[in-house]
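Assemble chain C onto chain E, guided by the hints.
So the protein sequences, as listed, match chains E and C.
12 is the number of the first residue of the first sequence in my numbering; add one for each residue after it.
1091 is the number of the first residue of the second sequence in my numbering; add one for each residue after it.
The hints are simulated quantities; they were obtained by calculation from the structure and are not laboratory data.
In this text, a Cβ means the ideal position worked out from N, Cα and C, and glycines have one as well.
Hints are not guaranteed to be accurate.
Part of the chain C face toward chain E, derived, beta carbon under 7 Å [said to hold, decoys possible]: (1) 1150; (2) 1179; (3) 1204; (4) 1245; (5) 1271; (6) 1292.
Chain by chain, the residues run as shown.
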Amino acid sequence: MKEQVYINKTSEVYDAIVIGSGISGGWAAKEFCERGHKTLMIERGGVVEHRKDYIGENTPMWKQDLRGRVENILVDQQHKIQKQCYAFGNNTKHFFGNDRDLPYTTKEGTEFSWIRGNMLGGKSLLWHRQTYRLGEYDFNANKLDGYGNDWPIRSKDIEKWYSHVEIHAGISGAKENLPNLPDSEFLPPFEMTAPEKDIQAKFAKLYPERPMIMGRTAHLTKPTELHISQGRVKCQARNECHAGCSFGGYFSTQSSTLPAAAKTGNLHIAPNSVVHSLIYDEVSNRIKGVRIIDNNDLSEREYFAKVVFVCASTIGSTQILMNSVSKKFPNGIANSSGVLGHYLMDHNYNSVASGDVSGFEDEYYSGRRPSGIMIPNFYYKPDPKRGFLRGYALGGGAYREGWDAQQHQDGLGIDYKNKLKQAGKWRFGLFAQGEMLPRFENQMRLHPTLKDKWGIPQIEFDVRFSENEKLMMEDATEQSMKMLKAAGLTNVTGRTKHGPPGLAIHELGTARMGRDPKTSVLNGFNQSHDIPNLFVTDGASFCSSAVQNPSLTFMALTARAVDFAVKELAAKRI
Amino acid sequence: MKNDHCSIHNAVDGLTGESTSVTEKQKQSRRRFLKGLTTMLGGATVGSMLTGNAISVAMAYVPSSDSILTDGKVFNKAQLTLLKQICAIVIPKTETLGAAEVDTHGFIDNQLFHCHSKAQQKRAIELLNLINRTAEKSFSTLFLNINADQQFNLLTELDRGELRFDQTQREAFKELKRFICFGYYTSEVGATQELRYDPVPGGFKGSIPYKSSDPSWSTRGLFD
Chain E
12 MKEQVYINKT
22 SEVYDAIVIG
32 SGISGGWAAK
42 EFCERGHKTL
52 MIERGGVVEH
62 RKDYIGENTP
72 MWKQDLRGRV
82 ENILVDQQHK
92 IQKQCYAFGN
102 NTKHFFGNDR
112 DLPYTTKEGT
122 EFSWIRGNML
132 GGKSLLWHRQ
142 TYRLGEYDFN
152 ANKLDGYGND
162 WPIRSKDIEK
172 WYSHVEIHAG
182 ISGAKENLPN
192 LPDSEFLPPF
202 EMTAPEKDIQ
212 AKFAKLYPER
222 PMIMGRTAHL
232 TKPTELHISQ
242 GRVKCQARNE
252 CHAGCSFGGY
262 FSTQSSTLPA
272 AAKTGNLHIA
282 PNSVVHSLIY
292 DEVSNRIKGV
302 RIIDNNDLSE
312 REYFAKVVFV
322 CASTIGSTQI
332 LMNSVSKKFP
342 NGIANSSGVL
352 GHYLMDHNYN
362 SVASGDVSGF
372 EDEYYSGRRP
382 SGIMIPNFYY
392 KPDPKRGFLR
402 GYALGGGAYR
412 EGWDAQQHQD
422 GLGIDYKNKL
432 KQAGKWRFGL
442 FAQGEMLPRF
452 ENQMRLHPTL
462 KDKWGIPQIE
472 FDVRFSENEK
482 LMMEDATEQS
492 MKMLKAAGLT
502 NVTGRTKHGP
512 PGLAIHELGT
522 ARMGRDPKTS
532 VLNGFNQSHD
542 IPNLFVTDGA
552 SFCSSAVQNP
562 SLTFMALTAR
572 AVDFAVKELA
582 AKRI
Chain C
1091 MKNDHCSIHN
1101 AVDGLTGEST
1111 SVTEKQKQSR
1121 RRFLKGLTTM
1131 LGGATVGSML
1141 TGNAISVAMA
1151 YVPSSDSILT
1161 DGKVFNKAQL
1171 TLLKQICAIV
1181 IPKTETLGAA
1191 EVDTHGFIDN
1201 QLFHCHSKAQ
1211 QKRAIELLNL
1221 INRTAEKSFS
1231 TLFLNINADQ
1241 QFNLLTELDR
1251 GELRFDQTQR
1261 EAFKELKRFI
1271 CFGYYTSEVG
1281 ATQELRYDPV
1291 PGGFKGSIPY
1301 KSSDPSWSTR
1311 GLFD
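Here chain C stands alone, though its shape is the one from the complex:
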C-alpha cells in the first residue's frame, strides 16, 4: 500500500513537472492529499484528476531573469530596471531570495496591466519618476547611480512621508509596496521558502506552539 502511494506520487510529480522544485514538506503534504484520494479512487484516476487541475498554468506569469531587457506592458525598460532595484531594497535577498531575484518587478508590470486601473498604472509610473527626480535634485544623478545607503534613506523617507516627500507620495509608495509584497509572497519562493506552505493540512488544529523564529503560513483559504 505504501509503495502504491509513492509510485503515484512520483507519477504525479512526473506529470506536473514539479519533482525538482518541491520541498520535502510539500511532498509530505502532497502525499497526504494523494493518500486521501487514492484510498477512494485508485491511482490512475488521481493522476488524471491532478493534471486536470491546472486552470490557467499556460496564462500564469512565468518569472524571468531578463524581464528588464525589454519594455513591459506598463513600464519601459528603464522603469523596470528602477523597479527591480526598489524590489531589491524593500524585500532583499537574505537566506532566501528576495523580490528582485524572483522577478517581482516583471510580475507587477503584468499584474498592473491586467488587473488594475489606468489610474493605478499612471500612479506607479509617476512614483518611479518622482524617485528619479528626487535623486537628481539631491545628488544630480538618477536613483540607480546613488549609493546603497542613499537609496535606502531616500526610500525610507518616502515610506514615512518625511522631509523630501509628502503624505500623498507616501501613499503611492505604500501602494507599490503592496504590489511588491503580493508579488513576492505569492511567488513560489516567497510562499514555500520564506513562509510556510501547506496546501493540504489534513485537518484544523486550533492550538500549536509558536516561536518568533517560525515562519507564518503563506497558504490561505481562497477568501480569508
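So here's chain E without its partners, still in its complex pose:
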C-alpha cells in the first residue's frame, strides 16, 4: 500500500469515517470509496501489510520457535485469554490482542472469553472463513417465539447484497436448494473424501431431513477475473490461513476489500488510533467526528466526517457508543431505548461426537482442506415438543489418523516407527454450532471505576448460557451419536461440554436493529434511530444469532447500509 494512504493528523472533513478495519470496516471503506466518497478508516492497532507482515506464514515446524508452541511466561503474562482460541500459536500470536494491555472483567459467577484481533485487518485475518446466508426462517425466528425483537429485515431486503459481497469475496460451495439455508453465489465446492461421501449417502437415506453438505467457505477454489484483479490466486489448500495468506486464497480485508478501496484514491487510513468516543453536536443532532487516543504515545487527536460507520466489532462498537456520553445521552450515545449493551449473544459449540469409520484403507487425500462438512440446522421449524427453542447446525469431517493420534498406542522400536509412518484408521466427527437466545440479562457494561491504559472504561461482562442452550447441547450430543451409530461408525463417543460464552468468537447483539426506536438502537438500515449520520453495521446490530457463522451477514449488511447512507447523503437527509 502507498505510504500516503496512512495519515496521522488531519483537519480534513471526510465524507465518511469508518471505525475498524475488519470484515465490516473493510467493506464499509470499499463501498464508500467506490462511490467516490473520501473515506477515513480508523484502526486502533498497527498496520499489517498484505504478504509483508505475514511473518508466521510458510514456516516449517522445525524452523519455528518452540515448534509452533508459545513460551509459558509469554502466555501467562500477555495471552492468558487469547490462548484459549484454537488459532492461537507461535505463528499467529502477533495477530491477537495482548491481554495485559486489554483488561476486562466479568460479573462474579460468570465467565466470558473475549478474543481480540486489534490490527489492520482485524479478525478478517483470523476468522475461520465459513460463510452462510441467513434465511427466511432465521429472520422470522424472534417473531415466532417472542425471544428478542423482530428483525426489521427479511431475505428479500438483503439477498442482492449477499450476492454483491459474495461475488467480490469469493465463496466456495455447492447449490443445494435447501429451505433452511439459502444458496450463495458460488465458486466450486471443496471435494469430500470417500468416507464423507459414503456417510453423506447414508444420512440421505436415514435422515432425509438432515442433508449433509460441503462447508461453504470464503476461499478461491477457482478465482474469477475479478479475484485475479484483486491480486489473488487459487487457494493452495495449506490450511495455515490464520498466519495470513500471500496467495490471497481466502477473503480478508488485506486480500480483498482494502486493495479495492485503495485503488479509488479515496481512502485514508489512521492506524494506531484508539477511538475514545464520538463527538456529538446536540444542536444539529449529528456526529461530527471521533476522539482518538494514540495507541502508542497516548496523545489525543480528532477526526471529522459527515457520516460515521462504527465497525469496531460487536463489543468494540458498543463500548465506543457507551463511552460517548452527553447531556442528551447520559447512558451512551444513540441509547434512548436503553437496550444498548443488552442481548449479547455468541454461538454455542459445547457438543462433540466422533467415531471410527471402517474400510477405505486404500483411500487418502492430498492437501489440507480449509473447510469441513456441514449439516444445516434441521430444527428450523419451531416445535414445542422439542423441549428447547431454536436449533443447531452440525459441522465436522473425516480424516485419517496420523502419528499424533497413533502415538498413544503401546509399542516401541521399528514396529512402532513403521506403524506411525502409515496413515491410520479413518475417523469422522461432528460438532454442534448452536443458537444462543437473545436475552436482556446477557449484557456488557462499562466498569464504574476500572480503565484501560488509554483511559477508556473497561468492559464488564455479565453473560451466561441459559438452560435452553444447555438442553440444546445435550440434544446435539445425543442426536450426533445416534446419527454416527446409524451410519455404521464404531467406538462412537460424544461429550457435552460446559465452556463459557465468547470462544465461538461470534459475539452478536448489544446495539440491535429493530423497527421500534423504543426497543432498538438501529433501524433496518443499521442507522441509529436517534442520530441519522451514525451507523453500526457489525455483529452488534444482530437481533438473533441464528446458527450460521455471521461474517457473511456483516458484509452484506454493511454494503447495504453504505448504499443507503450514500443516497441519504445525496438527499441531504444526513
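Using the frame of chain E, we list chain C on its own:
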C-alpha cells in the same frame, strides 16, 4: 517464463540457505508456491517476501550432535544421555534417522523448559530416575549398562504398565513418548524424510490412492 521461475527458485534457496537440504519433492512444492506468487508479483517481491517469513528462526531449537555433553535446561548430562538412549529405542534409526540422531532429547529439554509446567518437568526427571532405579534393582547397574534386549524389555514393560511398573508410571512414560514423537515428527528429518511433506499442495483432492507402504502426511493445517 519457466527459466524465470527457476532463477527465482534458486535465488530464494540461496537466500534461505536451504538448497542443500531440500528434497526434490520439496523443491517441486516450493516451485508451485513461487509460481503462484510470481505470476502476480514478479520475482523481486517474492524473494523479499519469503525471506521476511522467518518469524523465529533465530529462536528455533537447532539440533546439535553434542547436546549430551553439557547440562541442559531441565536435565543434567547424565539424564540427557539416558533420554537419548530412550529416544533411540522408541524411534530407532531405520532407512531414516531415528529420534536420537536428530537430537530429540535436546529438543525435549528445551521444549519442556519453555512450554511445559514445572510438574511435567519433574515428572520427566522422576521417570528417568525410575528407569535407572529399576535397572539397578533387576541388574545391579544403570539402564545404559544393561544390554539392548534388557533395555527394550524394560521399556516395553513400562509402556504397558506391567510387572515391574504400575499404571501411573505407564502414564508418565506415555507422556514422554508424546514428547519424543512430537520432537521427531516435527523435526526436518521426521517431517520430510520419514513422513510426506507438502507445504504447498496447490489444492485439495478428496480421494487419492493409498497403499500401506505410503508414508502419511506430516504437514498439517495450523490447527487440525
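Open item on the list: So, against the hints stated earlier in the document, which numbers end up violated here?
Closed with: When the structure is compared with the hints, none of them turns out to be violated.
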